[in-house]
Amino acid sequence: MRQLGILIVLLLALRAGAQMPMPSRSAADIQHQLRRLQVLGSVLYVAAHPDDENTRLIAYYAKGKGYRTAYLSLTRGDGGQNLIGNEQGIPLGVLRTQELLAARRIDGGEQFFTRAYDFGYSKTHEETLSLWNKQEVLADIVWVIRSFRPDVIITRFPGPEKGGGGHGHHTSSFILTKEAFALAGRPDAFPEQLQHVSPWQPKRLFWNNYQTFREDPAYQPAPGTLSVDMGGYDPLLGKNYGEIAAEARSMHRCQAFGTARNRGSIKEYLEHEAGEPASTDAFDGVVTTWDRIGEAALGKLLAKAYAAFDPEHPEASVPLLLKAWKLMEGKTGYWYEVKRRELQDALLACAGIWLEADASQPAAAQGDSVTLTVSFIKRNPVSAVLQSVSYQPADRHLDIGQALETNTRPGSVKLKISTAGLEPSRHYWLERPIQGGSMFAVADQQQIGRAESAPALRAEFALLLEGVPLTVELPVIHKYVDRSVGEIYQPFVVTPPFSAAFEVQSFFFPDTQARDIQLQIRHLSAHSGFSLELDAPAGWGLDRDRIEVAPGKPGAVQTLTLRVQPPAQPGDGMLRVYYAYKGRRQALSISEVRYDHIPAQQLMLPAALRMVRCPVQTAGKRVAYLMGSGDEVPAAIAQLGYQVDVLEPARMASTPLDGYDAVVAGIRAYNTIPEIQALQERVLEYVSRGGVFIAQYNTNYDMRSSQIGPYRFSISRDRVSDETAPVTLLAPEHPALSFPNAIREADFKGWVQEIGLYFPASWDDAYTPLLACSDPGEPARQGALLVARHGEGYFVYTALSFFRQLPAGVPGAGRLFANLLSLSHAPASAPAR
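Count the sequence shown with the numbering used here and you get residues 269 to 1101, in order.
Warning: the hint list may mix true and false statements.
The calculated lysine to aspartate or glutamate pairs, modelled on EDC-like cross-linking and capped at a C-alpha distance of 20 Å, are [what the hints assert, rightly or not]:
1. Lys446 to Glu544
2. Lys572 to Glu583
3. Lys682 to Asp667
4. Lys333 to Asp549
5. Lys402 to Asp712
6. Lys889 to Asp926
7. Lys402 to Glu460
8. Lys1017 to Glu395
9. Lys446 to Glu394
10. Lys682 to Glu624
11. Lys747 to Asp626
12. Lys446 to Glu429
13. Lys594 to Asp613
14. Lys446 to Glu539
15. Lys568 to Asp578
16. Lys747 to Glu860
17. Lys333 to Asp297
Quick list of the computed label-pair ranges, beta carbon to beta carbon [unchecked claim]:
18. Gln703 to Gln837: 27 to 33 Å
19. Ala584 to Glu943: 58 to 64 Å
20. Asp297 to Gln911: 55 to 61 Å
21. Thr493 to Ala1034: 50 to 56 Å
Just so you know, these hints were derived from the structure itself, not from any lab.
For clarity, every value in this text was computed on a predicted model and none was experimentally measured.
Cβ atoms here follow ideal geometry from the backbone N, Cα and C, with glycine treated the same way.
Please build the complete structure, drawing on both the sequences and the hints.
Here's what the structure looks like:
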């Protein structure tokens, strides 16, 4: 029983939206909760990435059928693209995690993850499973199955025998889930987990065939396939499941997945893959009433509460619900604990009780103090007493002993506490370096699977409701009012005393000249000064290896200039910042991921800078950059020695371009800039007079221009996802490959994540393809880099992933991009250097 109790604490901590405040519930919401209380069944949906989930099925099972429903995403989507900002890699994974949680708050599901890192597009499951630690990902899926205990598992993607999922991660998600289905009930599989959970065997495994989604009129369901109509209308919700699903899916904004609401009948198909076959329903043979655990009387009592619910007087349901609460008292087991939490939520909603623990500031540094305000109100006529509140893990207790009057102004009590002893609020999966570039390292078994870290502080309210004790746990949040938006909530976080951040993640040194690097110190706590130690790689010179930071007040910012002398020979290494705190500890860089559809996230990563000594020759001095969907390429261009002016579309329309050696369009500019068609004519005139225009990759949908460039070419979905794939130079004497840097095949070594994406598939003869490359087993693709003369200048279209390579400090990418920027200066016969 102790083992199961630990499991339940874990399960309740894993609920989607664990850091959100107490929700307000309408009478329809409460009635929906009461209906759900009568259902004991669970569904786990499994796929590879954020946005892979079928929100229709999740909404149908969670809200329509009342099953405990969750989505297990194998990755956090770190390797995807970003339509709304410049987050890539780790920050993008944090953003997409929160988008998933926002979706779950709409469709009613919960959210889990494995430790797999999204390393980017993969064309085969063999490649995916060779890069992920297969046993660890498999163990994580088994862990989630044993923790969540689903009766039914549904996968988004099929196995290789049915054509796979079109992406190595997709197909791998099926392969691993099917293996985990067979292992989760065996005590000899991953026995180290059994100190926390028990073996669990789901009833059956389905593949959610997506032919309906693809609207294939020729689709014929396989024998034994179940069809489920998603078009049902729920009057309590005022929507059908297609409408709810669209609202949830539209939370995936960084992936451009805004979706129209679907109304009316639409079917989903479930093909049997493992376990006991089902003939009429996914839950055939599964008891989903309270009879499941021998509690028929409890089930009848909750059914009575549902039938008798009065939406104008929800407090009338409190006596029946408290009887049910007492019947559960002292009983342990999975369903008792899950339903006890749901029942408590219903009791609070019926009583009209609202509780909140609000921090006076969004963050507090370690060792500082923060004022916490407990606010409370009871809006319906029941007896309620707030006895006390305690804060964990700060271990502070406050006796209140106040009977709550009905619908008076909210009461509040303030308490000042110290954050001494609390650790910085880091995302738990980012506390250690990524293993092998493909797996997050998580030491604590009980954290694996969680969508997010536990709150920095949580408040535990001790209540008496009609004399019955309840303990309500809520995260401490910070709220404020934005006059243009209204009340906004965000998680309260604990920070280090300061943050240390370099301006960029990597820095090019194109020659042996010493350069200045900026290190910004942001004071997050008042202090009397401290020392920072700098660790540089061998062969790199620093003007100092220790920095004495002057005393500062909270909010103060100091920018320190470090003089760095690169070595004569090419190479790279990490410059790291340390400080003395509980022994030598690496300083943290703090950045914010903030969008209006997610709670603000404070991302705390080790303060480090990758320094790259890479001989790069350049010609020209000035570059104009037109941002697309967001990237960090301009900073890398500046490191090569150029003056970079980032131009907004309106400014670009009126700025003389002839003074620039090159104009660069950022990634997906032709997908995201409404004015791009109007700018095109002006840009091409600039090119015809001798300028250079470089357009980086765009997708082949949502184009804002009928044609990119002076001559026709078509964009496909072709890509080369293997970053180690060999690249052939088709025209090595072309100025783009020979001036001022002689580009060789070796310049494509060390690329990250991919070579390129959305390659042109066909083009006018005016374009010269310069490169050929392919993934293993595929034909050579020549559309990664196209160059055409237009008048006196050059138009360049590149599907190479410079937006990943340049910020990562990839030497060959820097040399090649410098050549593209230098095209207007190339002699007729370009000398190679």
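Here's how the hints hold up against the structure:
1. Straight-line distance between C-alpha atoms of Lys446 and Glu544 comes to about 14 Å, which keeps the hinted pair within the 20 Å bound.
2. Our distance criterion of 20 Å between C-alpha atoms is met by Lys572 and Glu583, whose separation comes to about 15 Å.
3. Note on Lys682 and Asp667: the hinted pairing holds, with a Cα-Cα distance of about 12 Å set against a maximum of 20 Å.
4. Between Lys333 and Asp549 the CA atoms are separated by roughly 12 Å; this keeps the pair inside 20 Å, and the hint holds.
5. Only pairs whose Cα atoms come within 20 Å are accepted, and Lys402 paired with Asp712 is accepted, the gap being roughly 19 Å.
6. Between Lys889 and Asp926, the direct Cα distance comes to roughly 13 Å. Compliance with the 20 Å bound is thereby established for this hinted pair.
7. The straight-line distance between the Cα atoms of Lys402 and Glu460 is roughly 17 Å, inside the 20 Å bound, and the hint therefore holds.
8. Restraint check for Lys1017 and Glu395: the C-alpha separation of about 19 Å stays at or below 20 Å, so the hint holds.
9. The straight-line distance between the Cα atoms of Lys446 and Glu394 is roughly 16 Å, inside the 20 Å bound, and the hint therefore holds.
10. A C-alpha spacing of about 12 Å is found between Lys682 and Glu624, which places the hinted pair at or below 20 Å, so the restraint holds.
11. For the hint pairing Lys747 with Asp626, the CA-to-CA distance comes to about 7 Å; that is within 20 Å, so the pair holds.
12. As the CA atoms of Lys446 and Glu429 are separated by approximately 13 Å, the hinted pair is consistent with the 20 Å bound.
13. As the CA atoms of Lys594 and Asp613 are separated by approximately 15 Å, the hinted pair is consistent with the 20 Å bound.
14. Distance hint between Lys446 and Glu539 is fulfilled; the C-alpha atoms sit about 13 Å from each other, no more than 20 Å.
15. Taken as a hint, the Lys568 and Asp578 pair is honoured in the structure, with Cα atoms around 18 Å apart against an allowance of 20 Å.
16. Proximity of Lys747 to Glu860 is assessed by CA-CA distance (about 17 Å); at most 20 Å being required, the pair is judged to hold.
17. The straight-line distance between the Cα atoms of Lys333 and Asp297 is roughly 15 Å, inside the 20 Å bound, and the hint therefore holds.
18. Here the CB-CB span from Gln703 to Gln837 is close to 30 Å, well matched to the stated 27 to 33 Å.
19. At about 59 Å, the beta-carbon gap between Ala584 and Glu943 stays in the expected band of 58 to 64 Å.
20. For the pair Asp297 and Gln911, the supplied restraint of 55 to 61 Å holds, since their beta-carbon distance comes to about 57 Å.
21. At roughly 51 Å, the beta-carbon separation of Thr493 and Ala1034 lies within the given 50 to 56 Å, and the hint holds.
This entry satisfies every hint, going by the numbered hints stated previously.
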